[in-house]
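Here is what each chain is made of, one letter per residue.
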Amino acid sequence: MPDADSQLMPRGVRRSTPRQFLLWILPWAALLAFGLYGAGLCLVKGLNQTHMDNRFAFGLWIFLDLTVIALGAGAFFTGFLLYILKKTELKAVINSAVVIGFICYSGAVAALLVDVGQPLRFWFTFWHPNVHSMLTEVTFCITCYLTVLLIEYVPIVLKNRKLRQIPSFLVFEFELHKLMPVLAGVGTFLSFFHQGSLGGLYGVLRGRPFAFREGFAIWPSTFFLFILSAAAAGPAFILLTTWLVSKISGKRLVRPEVLPLLGRISGILLLPYILLKSIDTLIWINSTSPARGFAAHQFYAWKPFGAWILFAEIVGFGLLPALILLRRRMRESTAWLVFAASLVCLGIALNRFVLTIQTLALPTLPFDPFLSYLPSWQETATFLAVVAYGVLVYSFSFRYLTLFPQEKDLSC
Amino acid sequence: MFLAGALAALALGWRGFPVVLFERVPQPVAFSHKIHADKAGAKCEDCHSLRDDGTFAGIPALDKCTGCHAQPMGTSAEEKRFIDAYVTPNREVPWQVYSRQPENVYFSHAFHVKLTHIDCRHCHGAQGESDVLGPARIDRISGYSGSPHFQNMDACEDCHRQRGAASSCLACHK
Amino acid sequence: MSTTPTETTTKSAARPARYGMVIDLDRCTGCGACMVACAVENNVPPARPEATPRTGITWMRVYKISNGAPFPDTRAAFIPMLCQQCGKDTPCAAVCPQEAVQADPATGIVDQMPQRCLGCRYCMTACPYHARYFNWWDPQWPPGLEKTLNPDVAPRMRGVVEKCNFCHGRLHAARARAAAEGRRELEPGEYVPACVEACPARAIVFGDLNDPASEVARLARDAQSFRILEKLGTEPKIYYRTARSWVRQAAAQTEKESAHA
Amino acid sequence: MGFTRRDLLKFSGGSAAGLVFTPVPWSLLHDTALWSENWPGIPQPPQGEVRTRYTTCTLCPAGCGVRARCAGDQPVSLSGVPGHPASRGALCAAGLVGHHLAFCRDRAREPLAHGHPVAIERALAAVTAAIAACGPRETVALFDPRPGRAASFVYRRFLSGLPNAVHCAPADAQPCGPFGVDLENTRAILSFGTPVLDGWLSPGRVLANRSHLRLIQVEAAYSRTASLADVWVPVVPGGEDAFAEAVARALQGGGADERAAEAARLLLQNKPAIALGGGAAVAKLNAILGSVGQPGGFLPRRDFTPATDIATVPDGSIRVLLIEEGSGGRPLSWDLVQRKLVPQNPLVVALTPWLDGCAQHADYIIPAPVYLESLDEAATPAGSVAAGFSLSPALLASPGKLTPPAEFVLRLAQDSASYADVLKDRVTAIRKEGRGSIFTYADAKSTRVAEIASAADLWKAMLGGAVWLDDRLPTATNLRPGALPAPESVELTPAYPLILIAADDPPAHASPLMSKLYRESGLRRPANAAIVHPKTGRGQGLQDGCRAIVSSPSGTFTVQTIFDPAVMPGVIEVAGRTPSAASIRRA
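Quick note, the sequences are listed as chains A, B, C and D, same order.
So for the first sequence, my numbering puts the first residue at 25; every next one is plus one.
So for the second sequence, my numbering puts the first residue at 4; every next one is plus one.
So for the third sequence, my numbering puts the first residue at 737; every next one is plus one.
So for the fourth sequence, my numbering puts the first residue at 20; every next one is plus one.
Think of the hints as simulated: they come from the structure by calculation, not from any bench.
Quantities reported herein were computed from a predicted structural model and do not represent experimental measurements.
Zero decoy hints are in this set.
In the DSSO-like style, the derived pairs of lysine-lysine whose C-alpha atoms are separated by at most 30 Å in a straight line are:
#, chain 1, residue 1, chain 2, residue 2
1, D, K29, A, K186
2, D, K420, C, K883
3, A, K183, D, K29
4, C, K883, A, K69
5, D, K479, C, K883
6, D, K443, D, K479
7, C, K967, C, K824
8, D, K464, D, K443
9, C, K824, B, K177
10, B, K177, A, K69
11, A, K327, C, K800
12, C, K883, B, K67
13, A, K111, A, K432
14, A, K202, D, K29
15, D, K451, D, K464
16, B, K67, B, K83
17, B, K67, D, K479
18, A, K432, A, K271
19, C, K967, A, K327
20, A, K275, A, K432
Selected chain B positions facing chain D (in silico; Cβ < 10 Å):
#, residue
21, A7
22, A11
23, G16
24, F20
25, T58
26, P105
27, D142
28, R143
29, I144
30, G146
Glycine included, each C-beta is placed from N, C-alpha and C at the ideal position.
The whole structure should be built from the sequences, with the hints applied where relevant.
Structure (structure tokens):
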């Protein structure tokens, strides 16, 4: 059995013993099972199992979706840099990036299917689409892009030592490989749209002055901010995961210059994002919000969501990491690099949190109170299931597939 | 082999599946519109009438039948059976309505017949001249009617589009 | 307010209706008759044991607000809240991914189709009035009570959104009655939602805002009338009126201070 | 060559590909989505022709006219009768869902003896025996929630045949005796705790006149009426009399504190004015205001059924007690009943639709039909200036084994007549006297009784939905409306430093849809809520929303505290409690 196991592993790399691997897998599998139970309850008994309500119609899950999709942006953006802008150094992480992207998107879609009240009607959106709805845009792009990711994932799987032995698969994989630049292009295009429309999702809510933004044509400013922020967060997340995996597996996976490069890319994108975000915020405070009868300061009068949250988002989790990542000497130090990368990722999460949760917590009716919401265990379990699912898929991919081509050379 | 599989699937999907999907429910009484139209010279609205408030009476209640069939009028065994089974014990006939719409559908015969003067045939086909009433087809999954002459939403929409009639959801749903 | 006094008072068949309400806050005693009548008319199920004010379904919901003054100077007012039938960039209609929500051009009523609804609740986050309600549970009536449901309105199922549609069942009935008499046009007063009919204080006036002669249009033009969150620019068709300045303050203006009320 | 694994793979691959081009996957998608529209548990509304039927509400003494929309024979919604003299086309929230009452829990469905099914004859025999066994100082009492009905006359006839029997009623059954309120002409009301805007008379009639009424509410509780009154005068419970005296002084030009003076000014500026509430002081106020027997004041009417306030019956005197409980209204307090009963084996019979309330303790339960389940009657509408009568025809099929209370008493009296006969007799009597006119609901027309051909026609008309109203009596002064006892003041003790008073309470039995008001919105406070001023609450170590225990001399109970700065400091408002000293502490 151990033999068969090692048969599946890529040549020239060492992996933990089946025993160790099993020990690593088991807790995650357990978590996944528990989460699936929670999700099952929501599907069978209905969404009364959650702590969402008529005021807090969106909760933990939407926050999860927006966040993981932003973090998963690494897939399209790295692909874009590699295949379109020919940044060949990134070949070292592209496979890992694709897998992460696939995990994030499939996880998000799964969560969405639990989140809707009538999963049996999921196809209505495709059959009777309302073209004016950002959610339609999101649904279409994410579905398409998930397929793209799947197709990008296939060759990685087919490269597996055992599967290569089937000739037809080899041919298929070779053909697919020629397709990669096209797919990368398509993927980039789709991603730009759904990342954007995810931002638009809240930006168009004229009934929610805290989230509503003016914009260009049909797209509110958040549309573009989301694209930029996602593009910035993607590489940072890949950086983080790569570092994490090498720490856990105790192996050198990529050449030393790769991670700083990712960091630099992230920093370069983060700075303009912060700039635009600040401008957008100023416009909102001085024109958009007042025009709708809401003085912006009143949004921050409710504890715990004071103005600090805005400050943290822009300075603590934006400007600070950007500056770190843009200074070569700091980039060279892994500690700083990882610290900054984690700041970027947390910043994105915070931004998505503010947009989803804080927006709903703030009252719109003048005689309405501030609303609070705490997810139920079923919600949390479903959330964790997505995380566990990600870890599992990644672990298996890492064990049996070649996620980091450079690992072989580095390990000998 | 691949082809064989494909063909098998196609055959089953097109031939077998509908049989499984639809439940065939026979009508409780072999009623002939034809005979009633010819012999009794009945017109549609004689039995299927509009109420004053504009609602449609649909299939008439038993007393309408009893009006003529208190005693057998003909010699047919079916008529006798009908009288014994329903008229004498005064039991309503559990007719199967081919065109029974889902609960959430609102349809006003008054609007379509009185104002727009659409002929019954337009939706109900030649039901009025039929001599035998076939079994009703009921979708086992959705529980909705799958009978011929069942007007589904597409049929409604087409007609409404052609005539530029109301197109909002709640115009025809409730 | 699009209807101006200069408009002709004759209602031509071509001209679509724009149904709306004017609610007199000085008449409302918060008795809740409108809420109950609404639930009966529209087959809204009673609360599940676990239901709370935030998970219950009340198409028509009466809020109690106070002037914030402590004993003994305190004063209360009641604000009936229902779907405000926004006429411009209707927030919920714009966001629904599958056209389960649309503003009917013939009536101005914002339609919600529970049978088309996916239950994504995007429309609920979009609605500034919290006038949309989600079926968190399967609807359930005590045994026997389901026999008293209104045949003109289809019961909903778990997992979909519903909201006030000006008792569309009553509009259907009125139209059918008119059709039986060979009329296409409805006479004013032929169609009245349940809450309007039930209000013992006669606080709600309902009618066609496009008909400048109608009382509702006249009252809507009145200086005492205002709309809630008017500045959002969604042109709601529910007007409120009061002579009490503090009530208007608390209901109309959106400054934080009154949010504590 | 056999069938290899690869062949199998190919075959299944092929069939999968083929399946896509058949209707199978697509109609499965489609039909499962349709199935979600009517999956198990989604009820089917009743079918059938929509008809309108009329009846009269018997849930409270207001006697509102009811128009019922029925699908087939099934009432699906109720609404008011436009133009109805007593209700002005309006119903209250509870009345709008009266047709749900029959389906509520806690229904008594068959005669019970101490919880066990029993034949009604056995119950009759037991009561007859107990009555026969009554000692000299022991009384037979019948509690009649609505004196003045034809049923009440049945009761009185029965009781009159017994040595010592009392016809009891709630204290507030006939607030001002044989008097109605000429609300249409009243300009100002000085109300001492009367819920003028929240259940007094009929909502339709009160609110139709609200616009020309100035309302001064004298009440400790921050009630709905208080919150909507033109002036709210908060006084500590028991302080009403003193305030009434002060206003009286001010009205006669004497000096008074500023609140009383303002009230007096308002009353003088808006005449005719009346004072509502209990106590001699209030009666005196009305005398000063000259509101008795004058337009816009209290006008006498021809009907009055004297009945004893059950609270005034001597303690430990009732041997046999028959309790009639209506479909709606506040149930009789068992504590009170217990005090009145003789110590040794009393017999209590509950003539009620409900299993809770006094029925829990009764020896016999005789199940009564609820509203709309059987032909019933509504006596003179509360506060009407002329005697009145209307029938309440049944709209729902009555489940068997139900006995209208009057019917039970008739059988006790060995009277062969049925309740329906009694009602017929009442109608016949109305026709014979030939006074007044009837208002028919269907056509909103008034017809003089004298012009109605026969008693049969009158009966038919009233079965179709109609209210008879007597001619007004000539207004006469030198009359004094009966007055309710004044509320007693509350003695505070170190143990009980706070005052417990009643907040408006949810009806004991109501449609589950009332949850819209009590549980699905913050509109009305639930029954177990204790509302206190934040200062008071914090003073007792409470927090907003915390569970707490209220103790008073009459016992303790747990509540949910709600802080409301509108409430009088030092006061606890709990639904449906009688005023007393109390203390509250965290649970």
